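As they're listed, the protein sequences go chains A and L. Residue 252 in this note's numbering is what sits at position 252 of the first sequence, and the numbering runs on without skipping anything. Residue 78 in this note's numbering is what sits at position 78 of the second sequence, and the numbering runs on without skipping anything.
Incorrect hints may appear among the rest.
[Said to hold, decoys possible] In the SDA-like style, the derived pairs of lysine to any residue whose C-alpha atoms are separated by at most 20 Å in a straight line are:
| hint | chain 1 | residue 1 | chain 2 | residue 2 |
| --- | --- | --- | --- | --- |
| 1 | A | LYS130 | L | ASN432 |
| 2 | A | LYS82 | L | LYS428 |
| 3 | A | LYS82 | L | GLY307 |
| 4 | A | LYS82 | L | TYR396 |
| 5 | A | LYS264 | L | ARG388 |
| 6 | A | LYS211 | L | SER405 |
| 7 | L | LYS428 | A | LEU7 |
| 8 | A | LYS211 | L | PHE423 |
| 9 | A | LYS149 | A | ILE182 |
| 10 | A | LYS130 | L | ALA425 |
| 11 | L | LYS180 | L | ALA191 |
| 12 | L | LYS442 | A | ARG102 |
| 13 | A | LYS130 | L | SER93 |
| 14 | L | LYS428 | A | ILE123 |
| 15 | A | LYS264 | L | LEU136 |
| 16 | A | LYS130 | L | ILE392 |
| 17 | A | LYS130 | L | ARG187 |
| 18 | A | LYS264 | L | LYS442 |
| 19 | L | LYS442 | A | GLU260 |
| 20 | A | LYS130 | L | VAL27 |
| 21 | A | LYS130 | L | TRP383 |
| 22 | A | LYS82 | L | ASN399 |
| 23 | A | LYS130 | L | PHE423 |
| 24 | A | LYS130 | L | ILE395 |
| 25 | L | LYS442 | A | SER18 |
| 26 | A | LYS130 | L | ARG388 |
| 27 | A | LYS211 | L | GLU402 |
| 28 | A | LYS211 | L | ASN399 |
| 29 | A | LYS264 | A | MET1 |
| 30 | L | LYS428 | A | GLN83 |
| 31 | A | LYS130 | L | VAL95 |
| 32 | L | LYS43 | L | LYS127 |
[Claimed, not checked] Listed below are several chain L residues computed to face chain A (Cβ distance under 7 Å; list not exhaustive):
| hint | residue |
| --- | --- |
| 33 | ALA433 |
| 34 | GLU436 |
| 35 | ALA440 |
| 36 | ALA444 |
[Claimed, not checked] Some chain A residues judged to face chain L by a derived CB distance under 7 Å, without partners named:
| hint | residue |
| --- | --- |
| 37 | LYS82 |
| 38 | THR85 |
| 39 | ILE87 |
| 40 | THR88 |
Derived by calculation from the structure, the hints in this document are not laboratory data. If you're wondering where the values come from, they're calculated on a predicted model, not measured in any experiment. Ideal Cβ positions, reconstructed from N, Cα and C, are used throughout, including at glycine.
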Amino acid sequence: MLSEEGLRMYFAGVDIGSTMTKVVIMDEEVLASIIGPTGAEHRRLAYRVMEEALERAKLSFDEVSYIVATGYGRINVPFADKQITEITCHAKGVSSLFPTVRVAIDIGGQDAKGIKISDGRVIDFVMNDKCAAGTGRFLEVIAETLGLKLEELGETSMKSKSKVNISSTCTVFAEQEVVSRIADGADIEDIVAGIHDSIASRVYRMAERLKIERDVVITGGVAKNIGVVKAMEDYLGFPVLVPEEPLLTGARGAASLGKELTLKALERGESIERGTRRLEEATFFK
Amino acid sequence: MTQQKQPEAEVPKKTSATKWTESAKKVRGVVRDMYLRAFTEDKPVAWVMFALVNELFVAMDVLPVYPENYAGLCATKRIGDPFIERAEADGFSNVTCSYARIGLGYSALWQDTGEIPEFAPDGGMAKPVMMVGSSLACDTRYKWFQAFSRYMDVPYHAFDTPNPPMYYASRPDIREQYTKYNLSQLRGLVAFMEERVGKKMDWDKLDEIVRRGEKTYQLWYDAYMMAGRAVPCPFPAEDSFNCFVPAFFCMGEESALDFYQGLYDEIKYKVDNKIGSIPEEKYRLLWAGGLPPWHTMQIFNYVEERGAVFCFQAVYLPFPPADLPDRVTDPLERLIYGRYDMYIRRAERDRELGLFGECNFVGMGNPVYFVDDFNVDGVVMHWLRSCRGTTIGQIYSKNLTEEYSNVPTLFLESDMCDVRDYFEADWKMKLNALFETLDARKRAGS
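Turn these sequences into a full structure, and let the hints guide you.
Structural data, given as structure tokens:
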């Protein structure tokens with residue numbers, strides 16, 4: 001895509017989630033992507049993640065035509081041109097990867113959402129209630145309790161012969177339940193399988209409100225856990241799609257939406273409305 | 001009976017909504033007077049659960065004070081927490097109705113010190129000579145007032161006001177039984193009041209008050225329906241959530257009749273002159289279930305800043321008024337007749353729409369009644385952590401809405417009074433996602 005001046009145009013999506021910050025830079029295809037942790041400091045310094053992504057794409061900041069910020073931290077991105085919610089960005093991101101998708105289930109660090117999609121557009125959505133159960137945080141707590149690494153949970157659960165029932169109502173109670181199951185002598189893999197079932201049950205019940213239709217894609221950090229994905233498939237009764245990098249769909253969608261907005265403005269002969277564009281740290285307290 | 005008014009605590013920053021109509025702006029004064037006169041007028045005070053019988057208190061010269069309204073006032077001023085925490089310290093669960101928890105905490109704090117809590121807004125609720133609970137709307141209401149009476153050591157009376165079987169409500173034998181039973185309940189209430197205040201009911205006076213209430217109700221209904229249909233919207237939900245106050249808590253008084261005449265005239269003027277509340281009405285939303293977030297009514301203004309307006313709230317709303325036949329002359333029976341007709345009309349409307357077995361609480365408006373008539377683009381429902389009565393059935397209503405109207409439904413989550421359940425960033429994100437969804441639908445032409 002070329003600008004009015006005949007220059008190549010680039011677009012960036014910045015997804016500042018509760019746990020991870022993701023940046024995608026694209027033109028016709030993804031040129032660079034980066035995933036970094038969102039901590040108190042990182043949230044303030046989101047521009048550094050952007051700088052790293054620009055370095056990977058071998059671009060300067062001024063060469064990026066449009067930047068869309070999304071995720072819970074989208075408001076505090078001083079270098080973004082526009083903020084769009086993660087619901088719309090995820091829908092766009094997954095549709096660009098899997099055009100047949102009708103429902104996206106995103107299980108992030110601290111929330112879970114179901115998005116119903118038609119022709120790449122959101123037609124309905126649901127989000128989890130104010131509770132860590134059914135989110136990545138739930139898995140982090142349990143992994144710590146079991147002395148496992150987060151990334152080991154998926155494969156561990158695949159060895160389960162008989163999953164243990166774990167409450168899906170509360171992370172704290174589930175943690176206590178896990179401790180008592182360990183004391184009872186239950187196998188770790190059966191406990192982990194029970195934990196995955198507990199998350200899948202909760203997320204499925206939420207997403208069910210959308211009247212689920214195929215195809216379904218699972219995104220977010222938890223989609224990297226094969227145990228949760230399999231448990232979701234058991235509830236759904238059919239296989240799901242998982243992107244190669246499930247953390248990046250929001251940022252990818254944000255970049256795609258930036259491109260779409262720019263294209264529309266150019267088609268109408270209008271100038272592109274840009275933000276203040278300051279590649280600097282976010283200020284939270286005035 | 002006159003008590004010393006306590007000084008008010010410092011009020012936190014404003015979280016209430018900016019009002020659009022002159023009528024809505026008057027409601028704060030109505031509420032303030034309601035609590036003030038209970039201290040200043042030499043009349044007996046009753047703490048009452050809303051149950052569509054305010055006329056009885058007016059006729060008996062008793063000043064009713066409604067703790068559920070007071071809880072909303074505390075939440076609006078963001079000073080509900082100390083009451084809630086005190087109630088929870090006494091063992092009331094954090095999922096017990098927050099209207100109840102605020103009142104219970106208030107009573108417990110009073111019991112602790114023998115005085116009205118100094119931070120109580122509007123000088124507090126005056127000490128009553130009686131407590132009146134009822135079964136209307138939800139099951140908490142019996143025990144809530146019973147607990148009040150124990151804290152305050154004040155006699156308590158509860159009366160039953162059951163819902164008839166809605167889909168058989170038009171059967172004469174069911175109406176007869178319902179009327180008979182409700183008459184016995186209301187007569188029991190009158191006898192209790194007479195005993196507490198030491199005077200007899202003036203039935204002619206009650207008749208006059210009930211008939212005045214009927215006129216008031218009609219004006220309330222006409223004003224709300226006229227406003228809901230009007231494009232642009234002259235009377236958004238945040239105003240409507242204020243203007244139900246005289247109908248709920250002052251019904252039968254001259255002031256309530258005057259208020260609704262004024263509201264009707266104001267809305268009619270705005271409708272006739274196409275005066276809307278916001279300059280460009282991009283989207284019309286329906287608040288279709290769940291009580292409002294009294295702690296953060298400013299959220300309605302946030303929506304308006306983005307070009308959307310809640311053109312109607314289907315929560316605190318009047319149902320079509322009864323066409324009362326002349327033969328019904330007993331004022332108590334007239335009260336019952338009007339309430340009973342709600343069920344008949346509701347069942348008739350459901351039959352027209354082909355609905356049957358609708359499970360939502362009868363006090364709530366089913367969104368499918370309003371979406372088409374009021375040109376609604378999106379429906380919002382509020383899941384309340386501590387109100388089962390208005391939360392149960394919302395998923396069913398969402399499914400019905402999709403089936404009948406093809407408009408999206410958004411669920412927001414918090415509580416009517418307990419601000420600890422509110423998460424502003426989450427609400428704003430969800431509302432913005434709804435606007436993006438509506439934009440996408442508009443672009444796609446659906």
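Hints versus structure:
1. A/LYS130 <-> L/ASN432: Holds, at roughly 18 Å.
2. A/LYS82 <-> L/LYS428: Roughly 16 Å separates the two Cα atoms, so the pair holds.
3. A/LYS82 <-> L/GLY307: The given pair, whose Cα atoms are some 18 Å apart, holds under the 20 Å limit.
4. A/LYS82 <-> L/TYR396: Judged against 20 Å, a Cα distance of about 36 Å means the pair is violated.
5. A/LYS264 <-> L/ARG388: violated (47 Å)
6. A/LYS211 <-> L/SER405: holds (16 Å)
7. L/LYS428 <-> A/LEU7: violated (37 Å)
8. A/LYS211 <-> L/PHE423: This hinted pair is violated, its Cα atoms lying about 27 Å apart.
9. A/LYS149 <-> A/ILE182: Holds, at about 17 Å.
10. A/LYS130 <-> L/ALA425: Cα-Cα ~12 Å, so holds.
11. L/LYS180 <-> L/ALA191: Holds, at about 16 Å.
12. L/LYS442 <-> A/ARG102: Roughly 19 Å separates the two Cα atoms, so the pair holds.
13. A/LYS130 <-> L/SER93: With Cα atoms ~18 Å apart, A/LYS130 and L/SER93 stay inside 20 Å; holds.
14. L/LYS428 <-> A/ILE123: holds (18 Å)
15. A/LYS264 <-> L/LEU136: Roughly 56 Å separates the two Cα atoms, so the pair is violated.
16. A/LYS130 <-> L/ILE392: holds (18 Å)
17. A/LYS130 <-> L/ARG187: violated (46 Å)
18. A/LYS264 <-> L/LYS442: Holds. A/LYS264 to L/LYS442 sits at ~16 Å (cutoff 20 Å).
19. L/LYS442 <-> A/GLU260: Satisfied, since the Cα-Cα distance of roughly 16 Å is no more than 20 Å.
20. A/LYS130 <-> L/VAL27: With Cα atoms ~33 Å apart, A/LYS130 and L/VAL27 exceed 20 Å; violated.
21. A/LYS130 <-> L/TRP383: Holds, at about 11 Å.
22. A/LYS82 <-> L/ASN399: Violated, at about 33 Å.
23. A/LYS130 <-> L/PHE423: holds (8 Å)
24. A/LYS130 <-> L/ILE395: holds (18 Å)
25. L/LYS442 <-> A/SER18: Since the Cα atoms of L/LYS442 and A/SER18 sit roughly 31 Å apart, the hinted pair is violated (cutoff 20 Å).
26. A/LYS130 <-> L/ARG388: Distance ~17 Å between A/LYS130 and L/ARG388 Cα, so the pair holds.
27. A/LYS211 <-> L/GLU402: holds (11 Å)
28. A/LYS211 <-> L/ASN399: holds (9 Å)
29. A/LYS264 <-> A/MET1: Holds, because 12 Å separates the two Cα atoms, which is no more than 20 Å.
30. L/LYS428 <-> A/GLN83: holds (13 Å)
31. A/LYS130 <-> L/VAL95: holds (14 Å)
32. L/LYS43 <-> L/LYS127: holds (12 Å)
33. ALA433: Status holds, d = 4 Å.
34. GLU436: Because about 4 Å separates L/GLU436 from the closest Cβ in chain A, which is inside the 7 Å limit, the hint holds.
35. ALA440: With a closest approach of 4 Å, the L/ALA440 hint holds.
36. ALA444: Status holds, d = 6 Å.
37. LYS82: Not OK, violated: A/LYS82 not within 7 Å of chain L, min 11 Å.
38. THR85: Because about 4 Å separates A/THR85 from the closest Cβ in chain L, which is inside the 7 Å limit, the hint holds.
39. ILE87: Holds: closest Cβ of chain L sits about 4 Å from A/ILE87, inside 7 Å.
40. THR88: holds (4 Å)
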